Amino acid sequence: MSSDRVIVVATGTANTASVMAALGRLGEKPRISEDPADVEKARALILPGVGTFGAAMAKLEADGMVEPLRARLESGRPTLAICLGMQILCSNSDENPEAQGLGIVNSRITRFGDEVRVPQFGWNSMKADAGCRFLTEGYAYFANSYRLESAPGGWSAAMAGYGGPFVAAMEKGMILACQFHPELSGRWGLELIERWLGAVGGESC
Amino acid sequence: MLTVRIIPCLDVRDGRVVKGIKFQGLRDAGSPPELAAAYEEQGADEVCMLDVSATPAGRATRLDWVREVRRNLAIPLTVGGGVGSVDDGRALLEAGADKVGINTAAVKNPLLLTEMAERFGAQCTVIAIDAAAGEGGSWEVVTLSGKNRTGIDAVKWAVEAVNRGAGEILLTSWDRDGTKSGYDLELLRAISSAVNVPIIASGGAANPMHMVEAVNAGADAVLAASIFHYGEYTVAGLKQELKQNGIEVRQ
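The listed protein sequences derive, respectively, from chains U and R.
Sequential numbering of the first sequence, starting at 1, is according to the numbering used here.
Sequential numbering of the second sequence, starting at 1, is according to the numbering used here.
These are calculated hints, taken from the structure and not from any lab test.
Owing to the predicted nature of the structure, the values given are computational and were not obtained by experimental measurement.
Keep in mind that the hints are not guaranteed to be accurate.
Chain R residues, not near chain U, derived (Cβ > 10 Å throughout) [what the hints assert, rightly or not]: (1) ARG59; (2) ALA60; (3) GLY84; (4) SER138; (5) ARG149; (6) LEU185; (7) ALA206; (8) GLY231.
Label pairs and their computed distance ranges (CB to CB) [what the hints assert, rightly or not]: (9) U:PRO36 - R:ASP64: 32 to 40 Å; (10) U:GLY161 - R:GLN240: 19 to 27 Å; (11) U:ARG187 - R:ASN216: 26 to 34 Å.
Cut-off 20 Å, straight-line C-alpha distance, at most; resulting in silico cross-link-like pairs (EDC-like, lysine to aspartate or glutamate) [to be verified]: (12) U:LYS59 - U:GLU95; (13) U:LYS59 - R:GLU118; (14) U:LYS29 - U:GLU191; (15) U:LYS41 - U:ASP4; (16) R:LYS243 - R:GLU232; (17) U:LYS172 - U:GLU191; (18) R:LYS243 - R:GLU213; (19) U:LYS127 - R:GLU248; (20) U:LYS29 - R:GLU68; (21) U:LYS29 - R:GLU94; (22) U:LYS127 - U:GLU137; (23) U:LYS59 - R:GLU115; (24) U:LYS41 - U:GLU61; (25) U:LYS59 - R:GLU94.
Glycine residues also receive a C-beta, built at the ideal position from the N, C-alpha and C atoms.
Let the hints inform the model, and build the full structure from the sequences given.
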């Protein structure tokens, strides 16, 4: 299997070890890259994210990744965005109001309210829209202080609640964006990644 | 709905899991990757590993066992023990930890918490507080595995640590650790009403009712070691009892 099949974007602040370990357990040989050319050629691209909205965007800009990522996402090529990776698909965030996201989704990311403990750490349950191809009902592991409050038009979503509803994950064609960490969500999370990779399987470069 | 986390804790010395009473009289309880995987299978929500190596030689192997644990673990992993710098934290995150627990070094140099949170985010930065009961309903921070009493008020320290960027508190009652007499509920109430980040209760758990009490006192997660290592409870069995007592758990 080509080592270029699955590329994990180096977002700088992210600890990618858990993502790499999960992909390894699924029999993949992923490669971490900060080369914009890989964003274009990867069959499956994974955009992980830990850290802050502004720092992640600054790193992608410094690496020349922003335009290739936008092009890939706008053409609907297989991309899995995780945690902060999902948030940077949006226009902007309370976390760093001056920073511009990728803007694939015209929404703002907001902070959880003071009525709940922040960050949200732990396993939360979600319900998936009937239109979801990959997402299902289940428990997943979250570690986030910010969230997308409602599903954008054109996307199918799985919703969870923490001081009000928020988007646990959303999908549109082969783009799957998870606020939770599928790589840390036990067997349920691995099966989600496996379903998505399985759908990538037959598609050529 | 967000569920209460059950976190088995593995104290690791020189690459082996050990557990004793108040960190003394350590007994061998197994290998880190085997135990971590077994706890995931039982339904653990997260695994915590604390490096209690006595020597630099024992500590030098730490990144190897973190990598080995990560390879087969599909749930979150927190690693602490002897984390003294941002570089130590980075190395642990790169080896496969999802969160890094900082204790003694943060008391000596609180700026370390700020630096960790700025570099890696609050969600990777856990302040581990060992607290011992003091005079008049207060608690004192102890460090260096209890050898050093700092004179610092534990509630004030918790507030400062959170203000500096810690995203979670691993709160161990030094008086209760390993005693099986239940978590220090007054300590939990005091800290949980002073801060708004999640709190992991640690030290003293012997049965499910201790965990129910801790959750009712403000804990978001409960950590235990010996009751799991010596087979007194499985994580699944314990969750069943918590559920019967009205606590939301992932099953």
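For each hint, the structure was consulted:
The beta carbon of ARG59 (chain R) is kept farther than 10 Å from every beta carbon of chain U, the shortest such distance being approximately 19 Å. Distance to chain U confirms ALA60 (chain R) as a non-interface residue, since its nearest Cβ pair spans about 19 Å, more than 10 Å. Against chain U, the non-interface label of GLY84 (chain R) holds: every CB pair exceeds 10 Å, the least being about 19 Å. Remark: the non-interface label on SER138 (chain R) is consistent with the geometry, its nearest Cβ contact in chain U lying 24 Å away (cut-off 10 Å).
In this structure ARG149 (chain R) is separated from chain U by more than 10 Å, as the shortest Cβ-Cβ distance comes to about 29 Å. Separation of LEU185 (chain R) from chain U is adequate, the least Cβ-Cβ distance of about 18 Å exceeding the 10 Å criterion. The non-interface label for ALA206 (chain R) is consistent with chain U: the shortest C-beta to C-beta separation is roughly 23 Å, beyond 10 Å. Every C-beta of chain U lies more than 10 Å from that of GLY231 (chain R), the closest at about 22 Å, which supports listing it as non-interface.
At about 34 Å, the beta-carbon gap between PRO36 (chain U) and ASP64 (chain R) stays in the expected band of 32 to 40 Å. Evaluation of the 19 to 27 Å hint for GLY161 (chain U) and GLN240 (chain R) yields a pass: the beta carbon distance comes to about 24 Å. The beta-carbon spacing between ARG187 (chain U) and ASN216 (chain R), approximately 31 Å, falls within the hinted interval of 26 to 34 Å. Simply put, LYS59 (chain U) and GLU95 (chain U) have alpha-carbon atoms about 16 Å apart, close enough for the 20 Å limit, and the pair holds.
With a C-alpha separation of about 15 Å, the suggested pair LYS59 (chain U) and GLU118 (chain R) falls inside the 20 Å cut-off, and the hint holds. For the hint linking LYS29 (chain U) to GLU191 (chain U), the alpha-carbon distance of about 17 Å falls within 20 Å, and the restraint holds. With a C-alpha separation of about 8 Å, the suggested pair LYS41 (chain U) and ASP4 (chain U) falls inside the 20 Å cut-off, and the hint holds. This hinted pair checks out: LYS243 (chain R) and GLU232 (chain R) have alpha carbons roughly 18 Å apart, not beyond 20 Å.
Between LYS172 (chain U) and GLU191 (chain U), the direct Cα distance comes to roughly 18 Å. Compliance with the 20 Å bound is thereby established for this hinted pair. Our distance criterion of 20 Å between C-alpha atoms is met by LYS243 (chain R) and GLU213 (chain R), whose separation comes to about 13 Å. For the hint linking LYS127 (chain U) to GLU248 (chain R), the alpha-carbon distance of about 17 Å falls within 20 Å, and the restraint holds. This hinted pair checks out: LYS29 (chain U) and GLU68 (chain R) have alpha carbons roughly 17 Å apart, not beyond 20 Å.
Only pairs whose Cα atoms come within 20 Å are accepted, and LYS29 (chain U) paired with GLU94 (chain R) is accepted, the gap being roughly 18 Å. The straight-line distance between the Cα atoms of LYS127 (chain U) and GLU137 (chain U) is roughly 5 Å, inside the 20 Å bound, and the hint therefore holds. At most 20 Å may separate the alpha-carbon atoms for a hinted pair to count; LYS59 (chain U) and GLU115 (chain R) meet this at roughly 18 Å. Our distance criterion of 20 Å between C-alpha atoms is met by LYS41 (chain U) and GLU61 (chain U), whose separation comes to about 19 Å.
With a C-alpha separation of about 18 Å, the suggested pairing of LYS59 (chain U) with GLU94 (chain R) holds against the 20 Å cut-off.
Figure legend: structure checked against the earlier numbered hints; every hint is met.
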